[in-house]
Every structure is written in C-alpha cells, then in structure tokens.
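Heads up: the sequence shown begins at 1 in full-length UniProt numbering, then just goes up one per residue.
Mixed in with the good hints there might be a few duds.
[Unchecked claim] Calculated pairs, DSS-like style, for lysine-lysine (alpha carbon to alpha carbon, straight line, at most 30 Å):
1. Lys-195 / Lys-386
2. Lys-4 / Lys-101
3. Lys-418 / Lys-429
4. Lys-325 / Lys-386
5. Lys-280 / Lys-101
6. Lys-477 / Lys-386
[Stated by the list, open to error] Quick list of simulated restraints, FRET-style, between CB atoms:
7. Ile-109 / Tyr-287: 37 to 47 Å
8. Arg-288 / Leu-97: 25 to 35 Å
9. Ser-98 / Leu-133: 54 to 64 Å
Hints listed in this document are in silico derivations from the structure and should not be mistaken for laboratory results.
What you are looking at is a predicted structure, and each value in this text was computed from that prediction instead of being measured.
The beta carbon of each residue, even a glycine, is placed where N, CA and C say it ideally should be.
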Amino acid sequence: MNRKMFVSLHLIAMSTVLLNLLTGLRISSLDTPVLMYFDAILISGAVHSMHLISGYVFSVLVLYFIYYQFNNSQLSRNLLNKSQLKKIPHKQGYRALSYHKWVNRLGYIAGLLSVITGLFISFDLMVNTLQPLHFTSALLFLLYLVMHSWIYILQHGKGVLVRLLPSSYTHIAWLKLASIALIACLLYLFNIPVKHSLLVSAIPMDVLIEIDGHANEPQWLTTPSIAINTIGGANFVDGNTQVTIKALSNAQETFFLFTWKDPTQSIEHLPLLKTAQGWKVEEDGFYRFDEQSHYEDKFAVMLSNSCNSGADGTAHLGKTPIKGKPSNWHGKGYHASLDNTVRDLWHWKAVRTNDMYLADDNFIGAPASVQHGQRRYSAGYQADGKESGAYVMNWQWYKANVITPKRLPINYSLANKKVLPWFSSAPYKAELDTLAVGSYLPSVLYRSNRFEGDRADVRARGHWRNGVWTLELVRKKNTLSKHDISLKTGVCMWVSAFDRSQIAHTRHHKAIQLQYSL
Numbered sequence: 001m002n003r004k005m006f007v008s009l010h011l012i013a014m015s016t017v018l019l020n021l022l023t024g025l026r027i028s029s030l031d032t033p034v035l036m037y038f039d040a041i042l043i044s045g046a047v048h049s050m051h052l053i054s055g056y057v058f059s060v061l062v063l064y065f066i067y068y069q070f071n072n073s074q075l076s077r078n079l080l081n082k083s084q085l086k087k088i089p090h091k092q093g094y095r096a097l098s099y100h101k102w103v104n105r106l107g108y109i110a111g112l113l114s115v116i117t118g119l120f121i122s123f124d125l126m127v128n129t130l131q132p133l134h135f136t137s138a139l140l141f142l143l144y145l146v147m148h149s150w151i152y153i154l155q156h157g158k159g160v161l162v163r164l165l166p167s168s169y170t171h172i173a174w175l176k177l178a179s180i181a182l183i184a185c186l187l188y189l190f191n192i193p194v195k196h197s198l199l200v201s202a203i204p205m206d207v208l209i210e211i212d213g214h215a216n217e218p219q220w221l222t223t224p225s226i227a228i229n230t231i232g233g234a235n236f237v238d239g240n241t242q243v244t245i246k247a248l249s250n251a252q253e254t255f256f257l258f259t260w261k262d263p264t265q266s267i268e269h270l271p272l273l274k275t276a277q278g279w280k281v282e283e284d285g286f287y288r289f290d291e292q293s294h295y296e297d298k299f300a301v302m303l304s305n306s307c308n309s310g311a312d313g314t315a316h317l318g319k320t321p322i323k324g325k326p327s328n329w330h331g332k333g334y335h336a337s338l339d340n341t342v343r344d345l346w347h348w349k350a351v352r353t354n355d356m357y358l359a360d361d362n363f364i365g366a367p368a369s370v371q372h373g374q375r376r377y378s379a380g381y382q383a384d385g386k387e388s389g390a391y392v393m394n395w396q397w398y399k400a401n402v403i404t405p406k407r408l409p410i411n412y413s414l415a416n417k418k419v420l421p422w423f424s425s426a427p428y429k430a431e432l433d434t435l436a437v438g439s440y441l442p443s444v445l446y447r448s449n450r451f452e453g454d455r456a457d458v459r460a461r462g463h464w465r466n467g468v469w470t471l472e473l474v475r476k477k478n479t480l481s482k483h484d485i486s487l488k489t490g491v492c493m494w495v496s497a498f499d500r501s502q503i504a505h506t507r508h509h510k511a512i513q514l515q516y517s518l
C-alpha cells in the first residue's frame, strides 16, 4: 500500500473512530451516569443514525485492512516506517517497533470487538450479552488512541498533523475510497428494512377480549408471540428485561398483550411525607425529573408509519439537543419529531392510569413552544386533547425541601392510598392537618375517575404477579385523530418498560412491524 493511500485510509479510520466514540458514549450516557461529566465534548442530537453510518464505514475499513494484510502477509508494514528506524539507534528502534506492535495489537482487538458486537447489536441480536462488550471495546479504543498517538506527538510535535493529511490522490485511490463509501452506504441501507415482525391474528367481531390484565382468553393462548430484548432501564436486573408481545384484531379494534419481568411491583408515586418541618415529596431525582426510587412502574408503546433508528429519529440526546430550545434538567435529551410527522405514544402508568383502565394517549410531534414560567420543558412529547378528566399533583408548588398539599383526605383512612379522589378530599388548611409526623399522603389527585376524549382512546389494564407484569391494551384501528397513527400492516412499533423510574426506560434498536392477517 503506497503512503498516500495509507494516509487517506488512516484519516478516514481516525475520523470514524472519533465519531463512533462521541456518539456511542452519548448513547451509553443514558444508563452510565459517570459519562455525564463529559457532556461538553459528546455529540448531541439525533446521534443514533450518525453512530450507525460511521460504524458501517469503520467496519468496511476493517474488512479492507484484513483483506490487504491477508494478501500481503506483512502485518508490521505500517507499524513503523523503515526509514524511521534508520534514523535512530538500533536498540531504540527495536523497542519502538515492539511498542507499536503491541499497541497496534490492542487496536486490532478493540476494532474487531467493536465491529463484531456493533453489527450484532444493530440487528438486535444477543443485545443483552454484547452491549457490555461493545462498551468495553469503546474504552479499549480510547486507551489505544492515547497509547498510539502520544509517541508520534513526542517525536514530531506539530508536524504530526501534516503527516496525517494526504497531499494528492491517484485515480486508483479515488476508486478505492469511493468503493469503501459505497459498501458502507449499502450496509446502512440494508440494515434499515430489517425489522422484527409481529403477526396480528384475526378474530371475529363477536369474540370478547376482556381488558383485565389476566389474558386468559383462549385466543391469547393460540396466537403467535415475539420476544424483544430491551436494555438500558433503571432498576431492572442488569438494566434489561425481555418483552413478549402478542396481537389480535377484529374489523374495528386491535388488541395487544405485553408481558415483561419486573422483580418488584412499584405502585407508589412520589408520596408526600409529613416531617417536623412540614410536608415534603419523597424523591431521589425528581428535582431534575429523573426519579428512580419513589415512582410507579410504567410501559410505553410508540407507533409510526416509518421505521428508522433512534426511535424513528425522535430521540435527541444531550442536555441541549434541539437548537433554540431549553436545556433539560437531567442531561439525557428529548423526544421530538423534527420532520413534523406525528408519532403515536401510549403511556400506561401503574398508579395514575391503571385504575382508569386506560393508557395515557400521547404523541410525539414538533417541539412545543416554550411557556413563560415553565419549569419542565418536554419538547415534542405532548398529550392528546381531552374533554374532561385528569389527575394532578397534590401540591401547590413544588419545592425540594417543603411543599403545601392541595387537599387533605376527608377520611384519614384514605391517607395511605396511592391515589386521592378529589371528592373524597377537602382543600388543605393548616388547622385541619392533624396527621402525625411520619404520615403519608398520595401525591396523585384524581379530578375524575378517567379521561374523556382523544386522550382516552387506549383502554388498558395491567396485572403484576410473581415478578411479571401482564398488560392488555386495545384501541380502534382508526380513531380519526390527527395525533394518532392508524393501525394497519406496515406500521412500526417500539416498546419500553419502566421499573419505578420517571424517564430511565429500557429500549431496543430495531422496529417491530405490524403484519395484519386480515
């Protein structure tokens, strides 16, 4: 390989490795808090597609390197130039050659490990096992970059930058570089159509499926299922849980059955604790909207007419990932549709919506306008419209150390409930507050027993037993709402489980595409 070609490939490899690290570590920061310390240097925004594309370019470079070395059988050719060895004493040259040999071997291991694990993960294969190895390969690459580069900087100083840039290209060099780019693009395009497929089995209109969270109808027993390994959630064992999915449909409605392992049933939501100083919210992260202790279990389903990576391009990671919009408190990012296309989002909540027999029907749209005095900005994550019904928080204004409840239970036996009904309570007055220090109040205040309107389109009920949640949902195929996605063949779905966490949910890479048998 001539020097110009080597320098060109080296420059591309260096660029893709840096891009992979800055995007991959950003993705890993979702469930590796220590990486938040490097927020300023990690890339923000829709990083998933960038990570995939740069990963495929690097994979092609690795394959080309293996092909070249196999054909030339001279692994040490690019470790240290022979002309360099002549300029330094023999022993020193030998030591330098030996050093580069071992450092490059570290690079080979890190490169192969990252390519192999990355390709498997991009197709949602063996994710639970390979995700930690993929992260380890990134750390090995960081170590390799330091060990590989510092000695050249010591030898050449600023001149090393000139040596890294190619001077000119031959036609053959241009052809090789174009071939590498073409193969990488083909790999990326080949990856896009690869999806999980969920068969939606047909049932007659007269078959009754009761939405009770038990799923004991015979139709559920006979319909096929798929299993999706989801990763990166707080409080789950190793952050992972497998979600099993089934679907049924009649002429008007589609029924979904989701089951996932969760060792603990979490059915408290930011309880209010009375202290000697007054009432306070029991929390461990809620002040930055990332509660992971005193929260309810939840489950989310996103639907879209397209099936791209990064939750169909709606995941924008980082503290300020959307230009012109406020920073988020937790530094993890926002969901928003920058292409102005609506994605449907169903959000089941074990405390706030389960007793309503509903999932909160939301959507992901364009980033919302910033409201004056708004403490939490949610970007594109918004609720469908409603005619009536809601739950609100049972405090007048949130403060980390002390709050004033909105209402007190008329019957103090309700104080230990998870939800406080509006009409079973009275406005808070200090003289009526005779609860003892150490008492609790619900933080969730029901104004009515369910939503009405668009926000109530998804009926749902979950049931926890022996470490497993069983959740049934049903929705009309077409609600005629501008915030909903019609359910039909080709629609793609993503699922996420929450274990007593506010935003730290599990995730998976490939979309789940619905295939109706009707």
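Each hint tested on the structure:
1. A hinted pair counts as satisfied when its Cα atoms are at most 30 Å apart, and Lys-195 with Lys-386 does not qualify at roughly 34 Å.
2. For a cut-off of 30 Å, the pair hint linking Lys-4 to Lys-101 stands: about 22 Å separates their Cα positions.
3. In summary, the hint linking Lys-418 to Lys-429 is supported, as the alpha carbons are separated by about 21 Å, within the 30 Å threshold.
4. For the given pair, Lys-325 sits about 26 Å from Lys-386 by alpha-carbon distance, which is consistent with the 30 Å threshold.
5. Our distance criterion of 30 Å between C-alpha atoms is broken by Lys-280 and Lys-101, whose separation comes to about 61 Å.
6. A threshold of 30 Å between alpha carbons decides the hint, and for Lys-477 with Lys-386 the separation of about 19 Å falls inside it, so the pair holds.
7. Between Ile-109 and Tyr-287, the C-beta spacing of about 43 Å keeps the proposed range 37 to 47 Å intact.
8. Between Arg-288 and Leu-97 the C-beta distance comes to about 51 Å, which lies outside the given range of 25 to 35 Å.
9. Range check, Ser-98 to Leu-133: Cβ separation about 28 Å, and the 54 to 64 Å hint is violated.
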